[in-house]
Amino acid sequence: MGILNGIGIAIETSTLDGVPSGPAEETKFVIEVETTIGDLDFKIDVGLSAAQATAAGINFNVDWGDGSSDSGVTFDITHTYPSVDTYTIKIDGRFTMNGASMGTPNTYKIKKLKNWGTAECEMASLYRMFYKATFMTYEATDYPDVSNLYTGTGSSRTFGELFRDCEAITELDLTGWASNLGNANGFASMFFRCKNLESVNVTGWDFNVTGNINSIFREVGSLTTNGCKVIAPNVNQSNSNLFDYIFYFAKLHADTDITGWTLRAAGQRWLSTFYGTTGDYGANIDLSTWTNMKPTSLQSAFQGANSSDSSKVTINVTGMDTSICTTFQFFIKENNALTSFIGASGFTNTSSTIGIRQAFIKCKVLNISPSAPAANQFPATFWSGFGSQTVWDNAFSSFGTTTAYAPPTGFDNLDTSGGTQAKSMFSGTKFTSSPDLSSLDFSGLVAVGSAPQVRTFYAMFYLSSGITNIDARNWNFSNDAESLEYFARSSSIQTITFGSGFSANDFSGIASLKEMVRFSSVTSINWPTNADFSSVTTAQNFCSTSDVPMLTAQYDNFLTRINATNSNTGVTYSMGSCTYTGGGAVATARAAIVAAGNTIIDGGPV
Amino acid sequence: MNTLTKDDPKRWFLVKDNGTGEESLQVFGYAGNIGTEVQTNHPVLLNWLTEEELQNKVNSIAASDTYYKDAVETENYKFQLPSQLYEYGLKSKNETEE
Numbered sequence: 001m002g003i004l005n006g007i008g009i010a011i012e013t014s015t016l017d018g019v020p021s022g023p024a025e026e027t028k029f030v031i032e033v034e035t036t037i038g039d040l041d042f043k044i045d046v047g048l049s050a051a052q053a054t055a056a057g058i059n060f061n062v063d064w065g066d067g068s069s070d071s072g073v074t075f076d077i078t079h080t081y082p083s084v085d086t087y088t089i090k091i092d093g094r095f096t097m098n099g100a101s102m103g104t105p106n107t108y109k110i111k112k113l114k115n116w117g118t119a120e121c122e123m124a125s126l127y128r129m130f131y132k133a134t135f136m137t138y139e140a141t142d143y144p145d146v147s148n149l150y151t152g153t154g155s156s157r158t159f160g161e162l163f164r165d166c167e168a169i170t171e172l173d174l175t176g177w178a179s180n181l182g183n184a185n186g187f188a189s190m191f192f193r194c195k196n197l198e199s200v201n202v203t204g205w206d207f208n209v210t211g212n213i214n215s216i217f218r219e220v221g222s223l224t225t226n227g228c229k230v231i232a233p234n235v236n237q238s239n240s241n242l243f244d245y246i247f248y249f250a251k252l253h254a255d256t257d258i259t260g261w262t263l264r265a266a267g268q269r270w271l272s273t274f275y276g277t278t279g280d281y282g283a284n285i286d287l288s289t290w291t292n293m294k295p296t297s298l299q300s301a302f303q304g305a306n307s308s309d310s311s312k313v314t315i316n317v318t319g320m321d322t323s324i325c326t327t328f329q330f331f332i333k334e335n336n337a338l339t340s341f342i343g344a345s346g347f348t349n350t351s352s353t354i355g356i357r358q359a360f361i362k363c364k365v366l367n368i369s370p371s372a373p374a375a376n377q378f379p380a381t382f383w384s385g386f387g388s389q390t391v392w393d394n395a396f397s398s399f400g401t402t403t404a405y406a407p408p409t410g411f412d413n414l415d416t417s418g419g420t421q422a423k424s425m426f427s428g429t430k431f432t433s434s435p436d437l438s439s440l441d442f443s444g445l446v447a448v449g450s451a452p453q454v455r456t457f458y459a460m461f462y463l464s465s466g467i468t469n470i471d472a473r474n475w476n477f478s479n480d481a482e483s484l485e486y487f488a489r490s491s492s493i494q495t496i497t498f499g500s501g502f503s504a505n506d507f508s509g510i511a512s513l514k515e516m517v518r519f520s521s522v523t524s525i526n527w528p529t530n531a532d533f534s535s536v537t538t539a540q541n542f543c544s545t546s547d548v549p550m551l552t553a554q555y556d557n558f559l560t561r562i563n564a565t566n567s568n569t570g571v572t573y574s575m576g577s578c579t580y581t582g583g584g585a586v587a588t589a590r591a592a593i594v595a596a597g598n599t600i601i602d603g604g605p606v
Numbered sequence: 607m608n609t610l611t612k613d614d615p616k617r618w619f620l621v622k623d624n625g626t627g628e629e630s631l632q633v634f635g636y637a638g639n640i641g642t643e644v645q646t647n648h649p650v651l652l653n654w655l656t657e658e659e660l661q662n663k664v665n666s667i668a669a670s671d672t673y674y675k676d677a678v679e680t681e682n683y684k685f686q687l688p689s690q691l692y693e694y695g696l697k698s699k700n701e702t703e704e
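Listed in order, the protein sequences are those of chains F and B. Here the first sequence stands for residues 1 to 606, where the numbers follow my numbering. Here the second sequence stands for residues 607 to 704, where the numbers follow my numbering.
Note that these hints are calculated values from the structure, not bench results. Think of the CB as a built atom: it goes at the ideal place given N, C-alpha and C, for glycine as much as any other residue. Mixed in with the good hints there might be a few duds.
Derived contacts from chain F toward chain B, CB cut-off under 10 Å, selection only [as the list claims (entries may be wrong)]: (1) Gly570; (2) Ala589; (3) Arg590; (4) Ile601.
Output of the computed footprint for chain F on chain B, the stretches with three or more beta carbons under 8 Å from beta carbons of chain F [as the list claims (entries may be wrong)]: (5) 639–645; (6) 683–696.
Input sequences plus hints: build the corresponding full structure.
Printed below as a string of C-alpha cells:
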C-alpha cells in the first residue's frame, strides 16, 4: 500500500487563491493505480517525442506511492512496483500523459482520478490523457490547470478523447471548469464511450473555439438503465463546419438539456449526428431552440434514432435550413417508431446532389401525408428537387409498413431524372392510396452488374401495398435496365403499363422476368408493341400457376414480341393461366418459341 | 413437341434433354391445376400424380438424395413453383433491404 508521503490525513477542506481543491488539502495531481500479478510496471507516456516534450516544457515530480519518487522528469517514465497492490501517485509540475500512447494494460491499472491538482500541476495537454482508462472512477472536484497548453510542434490543445472509453465513470460535474478552459481549442470525442455515464454537466462551457466537438457525447450512457443526463445548454459552435457524431448511439436521459445551441451561420455537416440515439430524450429530440441549423449534409443524421423503441418518437428540427444540403441519404433511415418529423415543412431541396438513397427505409409509422400537421409535411418542392440524385435504391423501402398513410403531397413530382440505380425503390412501401408514379424518369439508369439482387429495377415494388397502378409509359428507361425480377412480386399492384402501342422504354437489356408478378394482384400488363425481349433468359415462375396477370390480347402481344426478338433457347416461360388467341399468328409465334428449344407453361389457347 | 395437356391429372412434371445428370434437367415442378398446359421442344417430358414421385425421379437423375429439396430451398431457377414438401427459398431469403 502506498503512503501519503508527508501530506498527511486530511482533516479540513481549503482553497488556494479561490481554487476549489479535491480531497482536503490536496494540491497535486493524484491518481490511484493497481498493479497485477506479473505486471508490476506503470508507465507514464507523455505522448510526445523527446524534442517535443522539451519544447512543451515537460518537467514534473512524481511520488509513486510506494515510498519512492522521481523529480525533474522531462519525458516518459516507467516505475516498477515491489508487489501487487494499490498505489496513490501524486504529481506536480508541468505534466501530461497520453493514454493512447501508454496503451493497455497500462491504462487499465488506473483505478481512480482523485485530484487534478490545480494549484501545483500545470497541464501541457489533456489530449487522450485517460484514453482507455476503462476502470477509472472519477472523484476529483477541482479542475485541471490548462491555462498554458503547449502550442508547439506535435501539440494538441484539444480536450479530445480525454475520457474516451472511461467506462467506469458514472458522473461528471464539470461546471467548475467553465471559466477555466484556458487555451483549449477543441473537444472532439471528449466523453466518447463513457458508456456508464449517468450525468455530465458542462453548463457554461465555451465551445466556441477553432476546433470541433465531433463525437463529444458519442455512446455516452449506452449501458445505463435510464440514459445519461447531458446538461449542456446554450452550446456555441459557431466556428465549426463539422457537427458529426455528436450523440451517435448515445442513450440520453429524459432530463437532458441541450437547448439553445448556436451553430455556424455558414453551415455545418451533420454526419450521423443523432445516429442511433436512444433513451427518453432520444425519443423526443427537440432542436427547435437551436440557431443556425444549416446542414451541408444530413447523411445518417437521425438514422436509427430509437429504432427499437415502440413508443411515440418525435424529432423536432423546426427552423432547420436545408438550402445548402447536398445529401439526404439515410437521414431518417430505420426510425421504426418515428411518428412526427416536425419542421419538415421548412425543408427546401435546391442543392442536393448525392442521394436520397435509403432515406426513408423502415420509417414504419411516420406520417408525412396530407393528414399530418402542416409542420410535419415536406413541401412539394422537396420531392421535385432530387433531379441530381443518382442512387434511388431502397429509397422508400418498408416505409409505412406498420401504419400506412397516403402518399405525401407532391410525391407525384418526384424527380428521378438523374437516377442511375433504382433497385427495390418501393419494396415493402405501404400507402393507403396509390401514388401517381407516371412522372418518374429513369432515362439515366446505368447497368449495375450480373448479381440478380443489385440489378436495376430488381424488386422495385416487392411487398408494397396501396400502390395499385404503375403507369410506366414515360419512364424512358434505356437498355441499361437489367431486370424485372421480383418487380411487383407479392404486391397489391393491379395494373402495369409499360407502353400502349409504341414506347421509348427499351426492354432489350432486361435479362430476367423471374417471379415478376408472382403473388401479386396484377391482372393487366401492357407491354409496348415494339418491346425488345432479346436478352430475356428466364421467365421462371413469372406468376403463380393459377394467376392470369395478362389479358389475352396482352399475352398475345407478349408472345409475339418474344418470338420476334428473342432467340435464346432453354428459357422457361411460366406464365400462369394466361391464354392466347389460338389458330392464328399468335399460335404460330408461340409454337415457334417452343420449337426454338424453350418451354412454355400457360393456360393454352382460348 | 411435347405437351402436358390441360386435362392431364398428372400435374408434377419434368422436362429434360437426352443427356444425363443434373445438367440434363431443364425444368421441373408443378404444372398448375387442371387448365394449364406445358409445351416444350425438349425431347423428354415426364409427369406424375404426386410431388414425391417427381422428387424421386429428379433426385435419381441428379444422382443426389437432396437435389430436389435443395432446388426448392435455394430457389433453383429450374424449379417450377409451388412445392408441397419444402419451403421455397428457405436457404436464400431475398434481402431487399440493406
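Worksheet entry | Index of numbered hints that the structure contradicts, given in increasing order | 2
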